[in-house]
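K.L.:
Each chain, written out:
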Amino acid sequence: MGEFTVHCVRFFNYVPSGVRCISYSEETERLAVARNDGSVEVYNFPANYYQEKIIPGDEKRSTESICWVPGGRLFSGGLNGDIIEYDLERLCVKYSVNGFGGPIWNIVPSPCGTQLAVACEDGSVKLFAITPERIVFGKSLDRQKERILCLAWHPSGSHIVAGSINTIKVFNVSSGHLLQVMRMDRRALVGQKRECIVWGVAVLSCGEIASVDSSGKLQFWDLETGTLIRSYTASSSDILSIAVSPEEDSLVIGTAQGAILQFQYLERQAGKEEKQWVSTKPFQHHTRDVLSVAHSNTCLISGGLDGNIVIRPLLERIQTKTYEAALRKITFPHRNLVSCAQASRLLLFQFPDHLELWRLGHTDQSGKDGDILPVTQEHELLLQLKRKGSENIRCSCISRCGTLVSYATASRLFLHRLRYDNNNFSISKVPKFTQPPTAALHLKFSPDSKQLYVGTEGGRVHIMDLSEDTCQHNHTLQPPSGTWAASSYPVHLLATSSDGSLLAVASSNSQIDIYNVKSLSYLCSVPQYNSPPTAISIHPSNKNLVIAYADHQVVEFSISEKQYTDWGRKVIKHGLHHDWLERDTPIMGITFNPSKSKTILLHDNYMFCIIDKSLPLPDDKTVLVNQKTLKNLSVSARMSHAHAFKITRKYQPLLFMDLLDNGELVLVERTLSDIQAQLPPPMKRKQFGT
Amino acid sequence: MTPEHELESEDDEAPEEVTFQNAKSRAEESARVKRELASRDKALLKEKRKRKQELFSEQKKKKLLPEDILQTVTALSDKKNEAHEPYADTEGKGDVEKEKSVKKNPSKKLRPRKSLKNNYDVVHLNDQNVADIQQEQAKQFLQDKFYGNTKNRTTANDFLSISRKRGERKMPAFQFTDSSWGEKEKKKASTFNLRWRNRKKL
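Protein chains in written order, with UniProt numbering: chain A, 1 to 690; chain B, 1 to 202.
Some hints could be false.
[As the list claims (entries may be wrong)] Quick list of the computed label-pair ranges, beta carbon to beta carbon: (1) B:147 x A:231: 24 to 32 Å; (2) B:191 x A:375: 41 to 49 Å; (3) B:168 x A:570: 40 to 48 Å; (4) A:388 x B:139: 40 to 48 Å; (5) B:168 x A:113: 44 to 52 Å; (6) B:192 x A:612: 52 to 60 Å.
[Said to hold, decoys possible] List time: in silico DSS-like cross-link candidates among lysine-lysine, alpha-carbon distance up to 30 Å: (7) A:60 x B:170; (8) A:281 x B:187; (9) A:562 x A:450; (10) B:42 x A:217; (11) A:650 x B:165.
If you're looking for bench data, these hints aren't it; they were derived computationally from the structure. Ideal placement from N, C-alpha and C gives every residue a C-beta, glycine not left out.
Same shape as in the complex, but just chain A:
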């Protein structure tokens, strides 16, 4: 019999929403990603591409274009005709301004960052002035007949180039007049002229326009004369996006077949002055259309309809060819979409528009290590809870006993009480319910289900008292004023101790505060680290706080002594194994086995790990993932080779891990082929012999 009975859960029907547009800011080194469900995510590149912020979407607004404006401000435009600025500290929409030009297809800030050009459905290009508080309408350029799909500013800010259907138009910014119209080649298809849609344009400082269109061509035009300079047939399908590097010596295009192609401006012959754009590297990392690409100084970034974000570092731009040069593919969100009621064996799955409550299956048999046990009671779907209104669900939580379910949208918090008697199951709203003073960003029930902790902006936590039919705001935990900049960062993670006396609150600036919830007082803070925490948990018996950071460090902090524990110091001093530090995804969950107080259970998307604190730490010479080889060794040899990190890659991709009260382990898997099968239809590719 193995250590755990494992529930390998495969009924979480999660499908990532396709990436609609991305924008990279060299200034803050952040990537903003807007998805088809309207949600916006911010990735922190220096912190191992960690998904720092998520702003949930709304059914009523769809994002077509997103852009960073100097000063770290984020704007987006969508088909509902509104330009939205996001509040990245409170994780919500700051304000929205109607463009009065119908649906918005593209928004681009001017090179100096003072103006915002907006491409509208009615054929107008509007310029908005960016002021510190809002955006103000400035003027409209000459209105055209067709919808304008894409925009680009000349690097000097003097011209705007707009891509439309069958044409590219050049405007003078100061006069607002149309200067040039370039007509696309309309390849005839069986006697009928086909529309040629310009999906993307870019302007180089030498006065050349690069355009990509639905006929699969990358074309270079002269801005002054409006003539075609060069044309490359780069793909047999649509080319949907283009991005130019800041130095203008490389550009990247994304196609409908899921390929991205890099073009570089290279010398025709070695030693000669004459240069030419040459297609250098094709990459096929996506299976669906690549709707958006970005080109930073060191890497190509692409986002596809398959929900993946791929970061491809360019080897020639990186000095050290190490971990930093590896390809990154972000498929799953870096936060938990699943919560578990450990006492009543329930799982709550969070989707953008509904929640699902499942009861786990049951077996009464036991077997050897590695056996698959027959299930005597099948898992069943108890409840499907649709959200209220059009706002997507931001976070959700189920209480330990499984009688309370809470979820929050951008503006409201909802609390429902569940009742189970024999085979009957009922749900009711908590009747006397007061909303917390500020919007909920993170939810957690206390272990005894008497309180609901609502993490909110500024590192504050509202404590809501729950009784049979009431829910009232009781107290707000404030971070102490001495801690620097704590007030502006939202709550990112919450953890409670199993006796319900302690609450750990982590913000995305890696400030971690610990409060005593019984006396409602601040206890201490963990020394601040330069990487955001990805998971925190408090040990049930010795009250040690274990923290995993985005740079894969794991530390242990003793709350009673207000300092790192001996083991935590040992880890920091010894350093972790290089294979551990070079994993792809952050640690997403930490739990403890109450029967074995020396162990820590953690997981990321591709591994499940048990850290045994009694064993020595591995050094760089030993093999990190050695469980399979250890199995074949004799008992004495096994002891000498064993180290603290016991890793299995049997279950992947892993979205959630938790330990039930009866010692059973729950692992929620979501296989990639299941996701692939539910994505929108891909382009057909002819392959030889099929």
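Fit chain B to the supplied structure of chain A, relying on the hints for placement.
P.N.:
Just chain B, lined up with the frame of chain A:
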């Protein structure tokens, strides 16, 4: 009656001789019978309609509450309105109720009484404004350009199966390995098999 006709007919007997009087009286008789029948039908139909009408009116009466109850109810609702007027500024339940009652009365008066079949709905054309139409058109444009007729799209199933066939590790087509694929078809096939077996008495 031409002689040719007589020759052609198979009957050898001569035609029966009918007097004019006789024929006339017979024709009149038949016409009378017809008229009577028609009038009887009409009367029957009338009777039927009348009965139906009576039934309807009776049903309508049944649906309506007795007169006195109706009167008391209207009196009560009037009182309620008056009672809530002073609390107009206070928030909470009373406010909501008041809103409801105020809303209900005029809307009932204003709405024209029209009977529509189940599937139809009355819509204000002005509600669907230009912005919505434009948004709809923009979405349609995107849909056409990405998934329209001219686009060479395949299904996820084909796509995965081909990648499996061409991959380094050869695997069977996707639908054969994924148990959740095509559940509907599989169910249909199993019921068909069952029926077929029953029919063939296997």
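K.L.:
Take the hints in turn and mark each one as holding or not.
P.N.:
Hint-by-hint comparison with the structure:
| no. | hint | result |
| --- | --- | --- |
| 1 | B:147 x A:231: 24 to 32 Å | 27 Å, holds |
| 2 | B:191 x A:375: 41 to 49 Å | 25 Å, violated |
| 3 | B:168 x A:570: 40 to 48 Å | 43 Å, holds |
| 4 | A:388 x B:139: 40 to 48 Å | 24 Å, violated |
| 5 | B:168 x A:113: 44 to 52 Å | 48 Å, holds |
| 6 | B:192 x A:612: 52 to 60 Å | 56 Å, holds |
| 7 | A:60 x B:170 | 44 Å, violated |
| 8 | A:281 x B:187 | 47 Å, violated |
| 9 | A:562 x A:450 | 27 Å, holds |
| 10 | B:42 x A:217 | 80 Å, violated |
| 11 | A:650 x B:165 | 25 Å, holds |
Hints 2, 4, 7, 8, 10 from the earlier list are contradicted by this structure; the remaining hints agree with it.
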